[in-house]
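Colleague: Given next are the chains, with one letter for each unit.
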Amino acid sequence: MPAASLDLDPLATALGRHRQMLVIRRFLEKVDSLYRQGKVHGPAHLGLGQEAIAVGAASVLRPDDHSIGTYRGHAHALARGADQRAILAELLGRDGGICAGKGGSMHITSVEHGYYGSYAIVGAHLPIAVGMAWASRVRRTGQVTVCFFGDGAVNIGAFHEAVNLAALWSLPVVFVCENNQYMEYSPISAMIPVERPAASRASAYGLDPIVVDGNDVEAVRDVVGAAVEAARRGDGPALIEADTYRLKGHSAADAGSYRPADEVQRWLARDPLTRQLAALVEQGHDESELISMDTAIRISVSGLADRVLAGGPPDPATVWTDVWADGGSQWRN
Amino acid sequence: MPAASLDLDPLATALGRHRQMLVIRRFLEKVDSLYRQGKVHGPAHLGLGQEAIAVGAASVLRPDDHSIGTYRGHAHALARGADQRAILAELLGRDGGICAGKGGSMHITSVEHGYYGSYAIVGAHLPIAVGMAWASRVRRTGQVTVCFFGDGAVNIGAFHEAVNLAALWSLPVVFVCENNQYMEYSPISAMIPVERPAASRASAYGLDPIVVDGNDVEAVRDVVGAAVEAARRGDGPALIEADTYRLKGHSAADAGSYRPADEVQRWLARDPLTRQLAALVEQGHDESELISMDTAIRISVSGLADRVLAGGPPDPATVWTDVWADGGSQWRN
Amino acid sequence: MAELTFRSAVQATLAQEMARDERVTLLGEDITSGGVFKTTTGLLDRFGPDRVWDTPISEQAIVGAAMGAAMMGLRPVAEIMFADFYAVCWDLVVNEIAKTRYMTGGQVSLPLVLRGASGFGSLGFGSQHGQSVENWAMCVPGLKIVSPSTPAEMAGLLAAAIRCDDPVLVFEHKALYGAKQDVGDGEHLLPLGQARVVREGSDVTLVGLSITVRYCEQAALRLAEEGISAEVLDLRSLVPLDARAVLDSVGRTGRLVIVEENPGQLGWGAAIAAIAAEEAFDDLIAPVTRVSGGNVPWPVARELEAVVDVSPEQVVSAVRALTKRATSGARKGDRHADQR
Amino acid sequence: MAELTFRSAVQATLAQEMARDERVTLLGEDITSGGVFKTTTGLLDRFGPDRVWDTPISEQAIVGAAMGAAMMGLRPVAEIMFADFYAVCWDLVVNEIAKTRYMTGGQVSLPLVLRGASGFGSLGFGSQHGQSVENWAMCVPGLKIVSPSTPAEMAGLLAAAIRCDDPVLVFEHKALYGAKQDVGDGEHLLPLGQARVVREGSDVTLVGLSITVRYCEQAALRLAEEGISAEVLDLRSLVPLDARAVLDSVGRTGRLVIVEENPGQLGWGAAIAAIAAEEAFDDLIAPVTRVSGGNVPWPVARELEAVVDVSPEQVVSAVRALTKRATSGARKGDRHADQR
Ligand SMILES: Cc1ncc(C[n+]2csc(CCOP(=O)(O)OP(=O)(O)O)c2C)c(N)n1
Ligand SMILES: Cc1ncc(C[n+]2csc(CCOP(=O)(O)OP(=O)(O)O)c2C)c(N)n1
Ligand SMILES: [Mg+2]
Ligand SMILES: [Mg+2]
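Protein sequences appear in the order of chains A, B, C and D.
Taking our numbering, the leading residue of the first sequence gets 189, the next gets one more, and so forth.
Taking our numbering, the leading residue of the second sequence gets 189, the next gets one more, and so forth.
Taking our numbering, the leading residue of the third sequence gets 44, the next gets one more, and so forth.
Taking our numbering, the leading residue of the fourth sequence gets 44, the next gets one more, and so forth.
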């Protein structure tokens, strides 16, 4: 990354990354509680526990690089710097939603921050990511696209076609599989004929099998960073499998009771925030300061939520905008 | 295979397999010339040069085993014993066509002989083959399904989903990739990021990479035979790549001029029929007898073509049959 | 079955048919644990792993497996979690399943059911999880299309679909899953292709499918208060289509309002309207009217959903417009004059 | 461009637009060698490998790549060899491309074209390579749908599609590829959403699209010999739809016959018929009639194709039936009486 952007980059330091993970964690916890209060219309899939992947990856991207993800995409939008208020407004169906109330929780998008959207058909956005990277290659812009998807997505055709074409055309795209161990209710291990959902497939595309501890933000930063720079150099795509775990159910409506208690415990012990906190303290940061930073974040998020909730609904007339480039939706005269 | 079926099996001997390859070769050559005479309505994709795969594989199947293939499927139907006359009638649009004039060259099917059809959307029949094998497994019938497809099909999503599910469920299905080196006009080597279209992908499904000389009917018989018996035993699926070459263009309308002359020459030297003939002579068969067998086959095929051409068209009223199980096509009252 | 929800009607009918015919075998994502909409709860325990199969997220493989197994004589019932996902396996549905019996000259039968949640209902599922796609399937000959409107209808039509020797797509409107109804005891079985007269009337015919049948009923009640007598038809299935029922009703009422949840650009309602415009021309005393979903992808914010979703109110005003309309000069004005 | 075939109109227009705008980039199967239908011949040589990309058989990746690149500001033109293959990438087309601008609140634009061979035309391609699927796309808001009828139309509409900032599906009827026409010189550019009056007439309006426009013209000639004056409209595009042109014409003729190649079960013709039945009710003096492809998967034998394919003969007899029909008592019988 050019030094210039580094200075401005809030994710440039371990502390900054910890802070960003905290922001995401507290934001998602707030969404979870708002959901329980019936204030979120429609499903909400939270990335609780997977913050290190979003932040570690975002930390190696240039402002003009691209990322794209799934319905579990809030963390990725926030990691790129998307507006918390606009995202909350979208989730709460208030005016000023980041998708104008037309996307909801599953389609959070912030093109302004290089996050090209959250897609809710499993696998569908991998071919789209390929196209984004294809454009960068055609124009030789040096931009890289990072595409996040789940472990369950490796079994769908679009995954195969996308990774295969990216490899064939040697495109600057880094595929990051967030292996949180589950589809909706089924453990991924029961749904693949190989050991690992993504890494075990890499050789089928002439790619190296890459596995990283997805709950270690610094490890993610290093591994994704290397892949991004390789892609930028023109060395083609990478397929990275990041091991992680979702702290809650598949969506806010799911208690996740199908998960063995000891398994949950094991993973709780590997919480990316606890680990980064410990690392920072070891590096000499004052723990109490870190705690009060967390407190400040909690307070700001809930204050933000109150303000957004106080807002009004979107103008019903806007339902007819944004279908066509002319801004409207007229299909006949 | 049980001895009983062996005795009846025309493919049980090397001579019988040679004879069957000759029947297919002369049959397809006849179709090619009929096409040039404008007597075939619609496209015709010929398996000229790929006879050893069809015959070698068919030779290890029980009469109650299943096979399924692509628009390039005439050889597979014939290898299972489908009626030459009914197939020709289908190709020539005459009455008595094996698909009643509703399938044409791309959809030759003979369920009576265990050949469950020719499908013209690349990759689509692989998931169907998985279902056929799934039924055999659910019912524990010991039946095996062999699924033939081209090298170009490995890049489509359906291939990935099908082989993956077959491996996960350990189904009795043997996937045979007929690697004839080309898609339509593009060499497959230019369209994959790995060395081999199928074999290089096997490990992604926990399967062994298996490659066989697809122009050697005995080698095909041995390799497919081992996979079929393993599947029958319950050891799950196999993915076999059979190297071969089409002697003509992609379809009868294509001259195949995009193929380097020396490449064509190299492969002509490996013609499966020439090789089997040589092998038989070496084993003490009388060459002139083999030649006259060939002559007899040519004569019978062209006689058959004349008789079929003399037939009338299908009854136009039959266009309204066969949509529903009740035999009709009524969708409203 | 007694009192059932729409959801439990699915589960109970699957159980009933699995018990009745051992060839009935289920596959789908997360179905052994009951599925996302809890329509397969308990079936694994009752029928065992050979009858209920969890699959990876591989809709092409799921639908292809159903097709291949059906060719072998099983009677697979595959769950497609949300109807929107038919798009990822559309080739298997419309190019393979719909055509293979025909293109093989009748050599194979495909007794299979594809079923799952569908529809909008302003539940906040948005554009990729909220579509009603019965119209997609109606574009392609060779598929039977069922979309029930009540728990009893679900039980009777799903049983019929599973016993049908042809491929049937069953659409379960997700906003109806919670609907309760006493369906009485014993086996439920309804014919495919027979519309249901939900309510008789003489001034206008309201045609609905799935959730819109409710909207039609609610509209009919309000219209009755205004002295307008509305006949309500539940099509039940689009293929086979009971066009006669619609034409007969229009013959009596002279007016037709079709209520469809899908966008009106090209919905199933257009097929009904076109049939009426051609075959009921002399009976119609007013324009054929469609009340359809808005022609945009579905939004999520409640206030936006309300604009594009169809509603009883829209049906009521559509009917008012037709009945207010001067029928003088209309071909059948006289015959109907007394009724206004 | 002077004399062009439908096929060369595609090639020439692609070349023209690629020369005009360096963002126009092509991808598809075997297209560098000209493609299966020879619609991209010579473009690799002229524009180089950065502008013309051969792909594996991966339609989901092809369409997804076009979408992603369009989001980045390229103007990709992806070839889908046969329209039937949209089924293998339908999710990218209808759930992603059609919806992403909307579901992101207008954050992205998708200036892309998906084009390729489509249609039946009794060429022996059968059920999996012979479908007209404009109706599939019309079911889903968010896609523009163009289906040209002549070489000149192809040139003008393809250019418009490539310059359009929205996703456009262009259907090239394979039975028209050989059609020749002198298209004059200079750049061709037509507006999207403006129907073409192919021939004026006063007794009946014939509405066609793509190849059926020809059938309408041929039918009109024969009808003229019988003293029946038929107006022929070429819709050119289904979205945007020039409904006004149809309604205005029916206002003059009082009769409407829609000619569509797709199966009539739910074709684009139903949308036109439904609009007329609702908005031209007072103008219609005869039933709205559709001449549609048979409701079966397409067969291959010539004698069978002839039964399910639409033809000028069918159009002629449909019109005869309408004009013979007693118009007495018809709402507009008087006004039109003199014309019979
Ligand atoms: C094509 C498709 N099939 C099924 C679904 C329903 N679905 C939504 S999320 C999900 C599980 C995805 O698991 P994974 O890929 O591991 O992502 P995660 O939710 O764990 O982040 C499923 C099956 C879908 N959205 N799209
Ligand atoms: C989904 C799909 N895409 C494209 C095509 C057009 N097509 C027909 S055959 C073919 C080449 C297939 O090559 P391969 O799989 O190697 O089989 P082969 O023809 O060599 O036997 C293509 C691209 C198709 N039928 N289906
Ligand atoms: Mg997961
Ligand atoms: Mg090949």
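Warning: the hint list may mix true and false statements.
Said to hold, decoys possible - Part of the chain A face toward chain B, derived, beta carbon under 10 Å:
no., residue
1, His348
2, Asn352
3, Met481
4, Ala484
Worth flagging that the hints you see were computed from the coordinates, not collected in a lab.
Just so it is clear, CB atoms sit at the ideal spot from N, CA and C, and this is done for glycine as well.
Colleague: Hint by hint, note whether the structure agrees.
Modeller: Checked hints:
no.: 1; hint: His348; result: holds (4 Å)
no.: 2; hint: Asn352; result: holds (6 Å)
no.: 3; hint: Met481; result: violated (44 Å)
no.: 4; hint: Ala484; result: violated (47 Å)
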